[in-house]
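J.: Here's the letter readout for the chains.
Protein chains: 2
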Amino acid sequence: MSSTRARVSLLSIGDELLLGEIVDTNQPYIAQQLLPLGLTMAGSETVGDEMDDIVAAFKRALSRADIVIATGGLGPTDDDLTFEAVARTFGVELQFYPEVMEQMAARLKRSVESLGGSNLKQATLPKGSRVLKNDWGTAPGVHFATPENKHIFLMPGVPREMKGLLGERIIPWLREHFPCDTCIAIKKLHAFGIPESIIGERCKPMMQAGHNPNVGTRVSGGVCTVRLVAHAATVSEAAALLAPCEARVREALKEGLFGEDEDSLQSATVRALVERKKTVAMAESCTAGLVASLLAEVPGASAVLIEGAVTYANEAKIRTCKVRPETLAARGAVSAQTAAEMAAGIRERAGTDIALSVTGIAGPDGGTAEKPVGLVFYGIATGAGVETLERKFLGLDRNLVRERAAMQGLDLIRRAALR
Amino acid sequence: MSSTRARVSLLSIGDELLLGEIVDTNQPYIAQQLLPLGLTMAGSETVGDEMDDIVAAFKRALSRADIVIATGGLGPTDDDLTFEAVARTFGVELQFYPEVMEQMAARLKRSVESLGGSNLKQATLPKGSRVLKNDWGTAPGVHFATPENKHIFLMPGVPREMKGLLGERIIPWLREHFPCDTCIAIKKLHAFGIPESIIGERCKPMMQAGHNPNVGTRVSGGVCTVRLVAHAATVSEAAALLAPCEARVREALKEGLFGEDEDSLQSATVRALVERKKTVAMAESCTAGLVASLLAEVPGASAVLIEGAVTYANEAKIRTCKVRPETLAARGAVSAQTAAEMAAGIRERAGTDIALSVTGIAGPDGGTAEKPVGLVFYGIATGAGVETLERKFLGLDRNLVRERAAMQGLDLIRRAALR
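For the record, the sequence lines run as chains A and B. To convert a position in the first sequence, counted from 1, into this note's numbering, add 222. To convert a position in the second sequence, counted from 1, into this note's numbering, add 222.
No lab work stands behind these hints, which were simulated from the structure alone. Certain hints may be false.
As the list claims (entries may be wrong) - Output of the computed footprint for chain B on chain A, the stretches with three or more beta carbons under 8 Å from beta carbons of chain B: (1) 239-251; (2) 488-494; (3) 620-626.
By construction, the Cβ of each residue, glycine as well, lies at the ideal position given by its N, Cα and C atoms.
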């Protein structure tokens, strides 16, 4: 990794973000858009609508970065302070920009004279600003070069306006003025059913600090994602660095590997079904439609998902899946035998290649020493017969049990499709 | 508001956040939970998994706050650096905490001896740490008091573990050690089916800056939430300020009002069914189990949710809901007539008081000029007969159409239960 790469810091300004009223999706969006430019992300920060805090935040951001990209605080109201904060940070005056007023008037289809004081405020920028024309809203974007030749970019916080200004005004400028001296190649690999700690041990040598490619793991919903980021002088060198490392990670993930990059467990499951020309149905008790709903998130799922049954009540299990009342009486609704009969029953009803059943105890009530909250049985029925699986998702609340149980159900469908 | 209130800064640690691969929902959650404590939010920051950056971020956070709450970087892998970063920040050693190892072993139902080096790492904390027992995962929470008597709290980034540690370990401690010198009373009211702009107009006088209680609105998933925050010297004064304002907001929300504070549309729907002793079944096409799954999120849903049918394929609509093939041929699967027959059919099959059907075009394909992506028909069947509703969720992607469609379905069940 070259140490001469320019560093970027992001700054979000607004009480509504700082107080957690809305989730900031601008920072992750900007970070993802900047990634291919080969700049280094130094950090990102959020401050409220307080002048002193905003000035301090700009100083902090500039102390660790060459480029600061800030969003928010450009509106017409009294708590919009970003222009003034930048002016104070550098001891420059605010200056009226007639061109901004004209652009606002044109956008609002009004005369300049008819615009009010709040628009005047939006057209009054730190002296020395270069205006970034905003074709997506009224507040102007601003590029301000500091005396130390660092660069501040100011954008509205409205995602649509931010996206327009970033893509059309800022990224082209950065590409020209900070040409990439290192090229980046990124690969993400996703696995299900292997603990992160085991993946970490298998990939340990590649996860050392300074290793190129840089390798990291994260877990979400039972899916472990390994991310590889290679840096090199050229695209082909970066790809060449990535390839052997990727092969080793694939080996470490083994049969748990289900997809790469933008794949999800649900999209990989639908893809497996489509590729193998297999149809699926499911009978869900504790997950109550979540497996079906996750599959239906994937465009094209209708080609493989025939029918789902949410058999929450025992009478529904009997009616729709032909579970025998004796089984429910002798083994209980949460049992391997009930799961097996549910899977066989829904497969026969729907006439599919594969059928999944899920029955478990999501909690918070209903658990016993023998059958604790988090206990889930699966049935997977195919032309070869019915198999069952017992899993325990312990220590989780009701909806995490259901979510994890549904993800495991998807993986069972995926593996059955590939057999 | 007193200016002596303690200041809090949040820090999120992780490349996946800094690089924008995942959106950080922890910071807004923590900020919202801290709100009633009357602390001042100084700012929040995100850094990647680089030792120098993390150390610098802790120093920055401590320079502007008395309390720093950090998430992430406590995992077992080599890129989890938070404990070491805190130790470096204060020049203290890392120390092995046997109690943490024992807690991890108990949680994993293994012996201490069988745990690997990655667990040893998770049990090695900055010297002087107070362990916050994590009953929601393996990595311990940590409370570290600095030489300047400031306080650092470290939690895993996994939302479930963070929420447990924050609510059970950190907030009670903060409440005791940073008692609030101004009292805050908060009320949230939730409505469905009324546009935010109309609510904003009706509540306009209360939404002016400086109004006490402070009143704000936000929208998520079709639910509009109005939040009222009253500040006063005593709890009873704050409550007295809140009461008349709350009454006016309730009046503004009218029949759209479904709940308050921690209520969700799903919990309000289950509550309406339970209170009115009514059972429900549903036949879902485009939502594919999402309505059933949302209801099942609520503990106790099993008392009212009898059966759901995911009738994705036309043959499933015919088989399970007795939709007439002629209806499908003449009107199409996405039509008011099909919705009506689905609702009547699933109600008869399941023998419930109320039945809902949902059929629509989620996209991205399948839309036409006459039946665009986002068009959804509902049937709601009760003892009084079957009604249908047509809604258009335009300009949304596949899963937002499905999500919004499912929320509308819940509201139809809720209103039917209350009739």
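J.: Against each hint, give a clear statement of whether it holds in the structure.
T.: Hints versus structure:
1. Counting residues of the segment 239-251 of chain A whose C-beta lies closer than 8 Å to any C-beta of chain B gives 12; at least three are required, and the coverage claim holds.
2. Counting residues of the segment 488-494 of chain A whose beta-carbon sits less than 8 Å from any beta-carbon of chain B gives 0, not enough to reach three: the coverage restraint is violated.
3. Only residues whose C-beta sits within less than 8 Å of a C-beta in chain B count toward coverage, and the segment 620-626 of chain A has 4 of them, enough to reach three; the restraint holds.
Checked against the numbered hints above, the structure breaks only hint 2 and satisfies the rest.
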